[in-house]
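Q: Knowing the structure of chain A, use the given hints to seat chain B on it.
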Amino acid sequence: MTLFEDPAYASRMLTLLTLSFHIIYATIGVGVPLMIMIAQWIGIKNNDNHYLLMARRWAKGFVVTVAVGVVTGTIIGLQLSLLWPSFMELAGNIIAMPLFMEVFAFFFEAIFLGIYLYTWDRFDNPKKHLLLLIPVAVGGGMSAYFITVVNSFMNSPAGFDIIGGDLVNANPLLAMFTVSMPTKVAHVLSTAYMTIAFMFAAIAAFRLLQKKNQEYHKKSLHMAMKIGLIFAVATALIGDLSGKYLAAYQPEKLAAAEWHFETTTEAPLVMWGVLGEDNEAKYALHVPYALSILAHGLPNSEVIGLEEFPADEQPPLVIHYFFDTMVTIGMFMIILSLLYWFGMRRKWAFVEKTWYRWLIVAGGPLSFLAIEAGWWMAEVGRQPWILRGLMTIEEAATTSDYVGWMFVLFAVLYFILGVGTVVVLSYMFRKNPVEKDLERMQGGESS
Amino acid sequence: MILEIVGISVLWLFLFGYIIVGSIDYGAGFFNAYSIVTGRQHILSKIIQRYLSPVWEVTNVFFVFFFVGIVGFFPQSAYYFGTILLIPGSLALVLLAIRGSYYAFESYGKQGHKGYAIMYGLSGLLIPASLSIVLTISEGGFVFLEDGNPVLDYSALFYSPLTWSIVVLSIAAVLYISAVFLTWYANETGDKDATNLMRKYALSWSVPLIIAASGIIVELYFHNETHFENLLSLWWMFAISFVLWILTVVLIWKRRNYGTAFWLLTGQFAFAFFGYGIAHYPYLLYPHISIHEGFTNPAMAISLIVVFILGMALLIPSLYLLLKLFLFDKNYIKGKK
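Those protein sequence lines, which keep their order, are chains A and B.
End of the first sequence sits at 447 in my numbering; the numbers just go up one at a time, nothing left out.
End of the second sequence sits at 784 in my numbering; the numbers just go up one at a time, nothing left out.
Derived by calculation from the structure, the hints in this document are not laboratory data.
Sample of chain B residues at the chain A side, in silico, Cβ under 7 angstroms:
#, residue
1, V505
2, V511
3, G519
4, Y526
5, G529
6, L533
7, G536
8, A544
9, G547
10, A551
11, Y555
12, G556
13, L762
Listing some non-contacts, in silico: residues in chain A with all C-beta distances to chain B over 12 angstroms:
#, residue
14, I23
15, K211
16, L241
17, K244
18, P268
19, L298
20, Q314
21, R345
22, F368
Heads up, the beta-carbon is just placed ideally off N, CA and C, and yes, glycines get one too.
Chain A on its own, in the form it takes in the complex:
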């Protein structure tokens, strides 16, 4: 098996595994503090115990996922050096600064999260307690920002020259502000907020289907769907800008994702389908002019095709499906939340029907799937490069043996941590149902 023979292949697989697992917790880590903040703010403003309880319950569950996010984040941080030592040697010279800053951002977040969690009843003015969440949410957002900066650098390296194989004229600041950075950072942040909003909407919808505490969960659902809608629309707009970035700076990635082989004007957007002979996409949905619009904003503009790149520099064509998964789910979520919002305002009955609730429940996991697909598209779409145009994954990978076995080891670990999270969270919330927490709050007792 290649996994046990080829260290470069095994390193790719292990990185794929770690990132796919970590991104779930990282997304929760970025998104949840904002949701807690909004809920607690509404709760204080309207003096509504339901919202205060939402904040409290979310925070309780949040610490468990933070713990797993911290350890998997530590794993990927060190694994970068263990699996890609040559890349990290180069990266250390030029892009170490955001990595370093990320540690500070996280440190800051961790300290205030610790204080926030243990001071629910220590302030006479509840607004002071709410203020503690600001550094938590800002720290989480900054962590995402710094890490995405590093990923942007890998896609559009800048801020140095390579002369005779040596890195010279290093400018760490230029390396941080690369052309891909603005769209990537915005996309990562808005999708995280969107996904977490839809995650809470899914939980609330599920509870409503179980006929649990109607008032509490209806409020939660309503709030989450509205926030989700805002960020889903923002994500679509930013996604459009990402397409324009790709067309200008990484045309091979866009071409591979769209199965766009020949350079043409008035290019249609190919969705789904199966690749037949002569690179003909069968059973696909062709949206006329859409690719030209995505790439340059005009229906008759020219889009570079994959044929213009040497075969060994073309990204794998499978990223087409990753792209389509991401976009399809994104569109679905916009329509779902928009209909819900209109429906609630106009009192359309169907948005409160069982089947619609089930669609909202599905929206939670689907949003996470969209995040995964987006990252697979971003990372697999950079192949064969680890640092686009400069270093391939083969050159970067470790030469050690046994990487395949480490893959097995970490697969077992992630399985244990994943199951552990689910078991512990469901136990926590089964033991403390909403009704019980509400009684406690009204009784003035602290939990």
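A: Only chain B this time, still in chain A's reference frame:
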């Protein structure tokens, strides 16, 4: 020249911080598990939980800071250590992951779950042991080059007495540091039984600690003579460290000034750890990487130092707030809040 000294000093200081905070943390987890197994849970668990809960995430950051910093300041070390540490590094990561997650699972989810407590107690004790292997490897003699790529000689590492002495020292240090700290903390909470028990643990780990530490100096004489001689020329640092050890033990023996005892212990480890580090200079990995050749470019070095200073300006006040609210707040530690 001066930049790399600044860089390595900052990193060494953070590693020292990790050793102290991490030891308290990992030792506490182990004592908690041990007390559950031996049925003395009622004495210890409460104070340990109360101390650990708000600070555990902070510990991990010291470690991440160190390895991110070393890649930034000394990128070459990422290549060498990254290649050779695949297996020991991965094992340490698995232990760290189990420790961190199960700690949270137990304290936030299933409080008092025996299996979870034992899992994080044991994995915590093994983390310092697995990380200490890096110190052994850095002494040289275990890494050779094959086609220009560094390769770790696993069997030489496994059969070396130096490896095992350092492992023993790391475990003894964790239990000793943690016991001394918890004696102080338990005393502050006014819990007599817990204080007495922790005091007993502190005293019983003090002697194994000093034997293991002296043993390593002897081992080094056989393993890496340069390092040994450098250590001898810094004899006064180790002498101070030894005196501080005696003073700590005396204070604890006489049941007096537990707080001072803990700060003396910090001093003891600081002198020994910095003495060891200075004697290791200029090598990061004998004889392959020195801090001079492996250093990053000046632009990156200056940026990192600037970021470090700004970061500290942000963190020190926040850390102070954390300590003020939890560690030094009389009402909190006594369980009234």
